[in-house]
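> Residues per chain are reported as follows:
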Amino acid sequence: MVNSYDLIIIGGGPAGLSAAIYGGRAKLKTLIINKGAVGGLVNTTREIVNYPGYGQISGSDLMLDFKKHAERFGVEFLRDIVVSTDFSQEDKVIKTKKGKEFTAKAVIIACGSEPRLLNIPGEKRLQGSGVAYCATCDAEFFEGEDVVVIGSGDQAIEEGMYITKFAKKVTVIVLHDEGILDCNKVSAERAFRKEKMEFIWNSTVEEVLGEESVKGVKIKNLKTGDSSELECQGVFFFVGMVPSTQYLKESGVEMDKRGYIPVNNLMETNLEGVYAVGDNRIKYLRQVVSAAGDGATAAVAAERYIEELNAFKTNIANSYKKVLLVFFNASNTESLEFSSLMEELQREHNEDYKIVKVDLATKKNLAEKYEIKAVPAVIVLDKGKKVKELGCSMDKAKLKAQII
Amino acid sequence: MSLEKLNSSRFEEVIYDNGEPCLVIFSRKSCHVCQGVVPVLEDLQPQFEGKFSFYYVDVEEDKALYQRFSLKGVPQILLFKDGEYQGKLAGKVEEEDVEEKITDVLNS
Ligand SMILES: Cc1cc2nc3c(=O)[nH]c(=O)nc-3n(C[C@H](O)[C@H](O)[C@H](O)COP(=O)(O)OP(=O)(O)OC[C@H]3O[C@@H](n4cnc5c(N)ncnc54)[C@H](O)[C@@H]3O)c2cc1C
Chain A
9 MVNSYDLIII
19 GGGPAGLSAA
29 IYGGRAKLKT
39 LIINKGAVGG
49 LVNTTREIVN
59 YPGYGQISGS
69 DLMLDFKKHA
79 ERFGVEFLRD
89 IVVSTDFSQE
99 DKVIKTKKGK
109 EFTAKAVIIA
119 CGSEPRLLNI
129 PGEKRLQGSG
139 VAYCATCDAE
149 FFEGEDVVVI
159 GSGDQAIEEG
169 MYITKFAKKV
179 TVIVLHDEGI
189 LDCNKVSAER
199 AFRKEKMEFI
209 WNSTVEEVLG
219 EESVKGVKIK
229 NLKTGDSSEL
239 ECQGVFFFVG
249 MVPSTQYLKE
259 SGVEMDKRGY
269 IPVNNLMETN
279 LEGVYAVGDN
289 RIKYLRQVVS
299 AAGDGATAAV
309 AAERYIEELN
319 AFKTNIANSY
329 KKVLLVFFNA
339 SNTESLEFSS
349 LMEELQREHN
359 EDYKIVKVDL
369 ATKKNLAEKY
379 EIKAVPAVIV
389 LDKGKKVKEL
399 GCSMDKAKLK
409 AQII
Chain B
139 MSLEKLNSSR
149 FEEVIYDNGE
159 PCLVIFSRKS
169 CHVCQGVVPV
179 LEDLQPQFEG
189 KFSFYYVDVE
199 EDKALYQRFS
209 LKGVPQILLF
219 KDGEYQGKLA
229 GKVEEEDVEE
239 KITDVLNS
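Protein chains in written order, with the working numbering: chain A, 9 to 412; chain B, 139 to 246.
These aren't lab readings, by the way, just hints derived from the structure by calculation. Positions of the beta carbon are idealized from the N, C-alpha and C atoms, including for glycine. Warning: the hint list may mix true and false statements.
[Stated by the list, open to error] Computed footprint of chain A on chain B, listed as stretches where at least three residues anywhere in the stretch have a Cβ under 8 Å from a Cβ of chain A:
{"id": "1", "stretch": "157 to 169"}
{"id": "2", "stretch": "236 to 245"}
[Claimed, not checked] Quick list of in silico lysine-lysine cross-link-like pairs, DSS-like style, CA-CA up to 27 Å:
{"id": "3", "chain 1": "B", "residue 1": "K143", "chain 2": "A", "residue 2": "K108"}
{"id": "4", "chain 1": "B", "residue 1": "K230", "chain 2": "B", "residue 2": "K143"}
{"id": "5", "chain 1": "B", "residue 1": "K230", "chain 2": "B", "residue 2": "K189"}
{"id": "6", "chain 1": "B", "residue 1": "K230", "chain 2": "A", "residue 2": "K106"}
{"id": "7", "chain 1": "B", "residue 1": "K230", "chain 2": "A", "residue 2": "K265"}
{"id": "8", "chain 1": "A", "residue 1": "K330", "chain 2": "A", "residue 2": "K265"}
{"id": "9", "chain 1": "A", "residue 1": "K132", "chain 2": "B", "residue 2": "K239"}
{"id": "10", "chain 1": "A", "residue 1": "K330", "chain 2": "A", "residue 2": "K394"}
{"id": "11", "chain 1": "A", "residue 1": "K176", "chain 2": "B", "residue 2": "K189"}
{"id": "12", "chain 1": "A", "residue 1": "K173", "chain 2": "B", "residue 2": "K201"}
{"id": "13", "chain 1": "A", "residue 1": "K257", "chain 2": "A", "residue 2": "K226"}
{"id": "14", "chain 1": "A", "residue 1": "K76", "chain 2": "A", "residue 2": "K105"}
{"id": "15", "chain 1": "B", "residue 1": "K230", "chain 2": "A", "residue 2": "K226"}
{"id": "16", "chain 1": "A", "residue 1": "K321", "chain 2": "A", "residue 2": "K265"}
{"id": "17", "chain 1": "A", "residue 1": "K76", "chain 2": "A", "residue 2": "K132"}
{"id": "18", "chain 1": "B", "residue 1": "K239", "chain 2": "A", "residue 2": "K108"}
{"id": "19", "chain 1": "B", "residue 1": "K167", "chain 2": "A", "residue 2": "K176"}
{"id": "20", "chain 1": "A", "residue 1": "K257", "chain 2": "B", "residue 2": "K167"}
{"id": "21", "chain 1": "A", "residue 1": "K106", "chain 2": "B", "residue 2": "K189"}
{"id": "22", "chain 1": "A", "residue 1": "K177", "chain 2": "A", "residue 2": "K193"}
{"id": "23", "chain 1": "A", "residue 1": "K393", "chain 2": "A", "residue 2": "K406"}
{"id": "24", "chain 1": "B", "residue 1": "K226", "chain 2": "A", "residue 2": "K105"}
{"id": "25", "chain 1": "A", "residue 1": "K265", "chain 2": "A", "residue 2": "K223"}
{"id": "26", "chain 1": "B", "residue 1": "K201", "chain 2": "A", "residue 2": "K105"}
{"id": "27", "chain 1": "A", "residue 1": "K223", "chain 2": "B", "residue 2": "K143"}
{"id": "28", "chain 1": "A", "residue 1": "K223", "chain 2": "B", "residue 2": "K226"}
{"id": "29", "chain 1": "B", "residue 1": "K230", "chain 2": "A", "residue 2": "K132"}
{"id": "30", "chain 1": "A", "residue 1": "K223", "chain 2": "A", "residue 2": "K321"}
{"id": "31", "chain 1": "A", "residue 1": "K103", "chain 2": "B", "residue 2": "K230"}
{"id": "32", "chain 1": "A", "residue 1": "K177", "chain 2": "B", "residue 2": "K167"}
{"id": "33", "chain 1": "A", "residue 1": "K35", "chain 2": "A", "residue 2": "K103"}
{"id": "34", "chain 1": "A", "residue 1": "K132", "chain 2": "B", "residue 2": "K189"}
{"id": "35", "chain 1": "A", "residue 1": "K106", "chain 2": "B", "residue 2": "K239"}
{"id": "36", "chain 1": "B", "residue 1": "K143", "chain 2": "B", "residue 2": "K167"}
{"id": "37", "chain 1": "A", "residue 1": "K76", "chain 2": "B", "residue 2": "K189"}
{"id": "38", "chain 1": "A", "residue 1": "K76", "chain 2": "B", "residue 2": "K167"}
{"id": "39", "chain 1": "A", "residue 1": "K223", "chain 2": "B", "residue 2": "K201"}
{"id": "40", "chain 1": "B", "residue 1": "K230", "chain 2": "A", "residue 2": "K105"}
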């Protein structure tokens, strides 16, 4: 089995699938590794009304279209979980839970996010017995019963309203002062008008009560510090999401305190050839349309990166002349002047060697490989092998003496 | 799906008449967590061929069955042996959890 790919995408939600469509179309050998069902978080959405070109479609139907599109461009799919990565070499290594190992020239991290747990007493123990995280999956089980919703973001309020179709009453526990919800205005207004919906303000849930099944919740008022109990048969937790990036802890990929990955406008992380897209990156709008845009950007950037990488390799390895790798940094004037001087020398001795200029800021792996820490620096390669490092002097004669 | 689907009468037959050591996943088509757990079971199935059977119930089609076990959510995996209920696993479970539970039931 061939385990090397041009592009490996971790995660098969809208961001990963869009990246795959672009990767496949660019004829990159592309693999998506995804745990669970392809489509990601969107599969939970009953109705999407804001994806361009689709007036109204269920999340899973939309994702099926994304997947078919990617398959048409020859993308391969693997159902498995990425558990560790090694991004220190040019060929990036990815290991999965089922014990498989893959290498790729470029990697796109598109693993999205998952529901945050509050980790309060009773939460884990009563899962499936009244504690729930997905209204589409579980609301029907609470026909005619009392349900508590924890949270007040878009997801909490929209899912809460869906639950009112089945439940007798839905009580929303909100951290904020009366009248303040974290969701969009339209949803808030609709929620306030909903007869079956009630709100408890300035409060949080401390414990889920019940032995075999949920019997109630213990609520703490954050203003007064008082605790009270509310009887209910179901508790839905919608307290936000956390990025699914724990497996990257040792990878060297930079992340913020919460695990979100910062990228530039090419979706590049701090590591060369590693990109992050969709809900797991630091961003303003977490939606299908923006996830898809991220995926497309990263795949195009990855394609250029791979092309450059290949060109660079052929330039060095297949050169019959000696190659001088000149490391520079665009923000360092001395190194820029030095590389101009090297070019001047080369023009005068064209037949002896060729010069390949390397920007230290973008070719970190290469700099590490040859242990280059500061600019300017020059190393001499013969058939791809390092033969020596030059002393960088602005004196042309001294430089020439070292080369010839 | 490679898991055999059970309706109420087939459920009686498999669990109580035959007393098969088996698991039954209660799931729903529109539940993405279920769609993630079912393939995990499909992967495990061959490993227990002949010793332990794998079934599924669609809760939308067979309401009576989940009501009987007072289930309050999907996916849930119920385990049985000799016609007796042996416990359950709820929510997003990993392959190891299921494997461990099956082994416990087989050794009990
Ligand atoms: C209830 C709800 C309603 C929403 N409604 C809308 C809406 O109407 N319109 C809209 O545009 N957006 C909506 N969104 C937001 C939208 O779902 C997300 O922005 C979008 O799914 C993000 O896509 P993604 O590809 O970044 O991540 P995800 O969709 O989260 O996909 C990530 C994938 O990566 C997989 N994965 C994670 N870790 C690993 C690993 N280690 N190895 C392998 N695979 C891994 C996951 O299993 C998952 O399949 C909604 C979200 C929610 C929760």
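> Among all the numbered hints in the text so far, which are the ones the structure does not match?
2, 3, 8, 11, 13, 16, 17, 20, 25, 26, 27, 30, 34, 37
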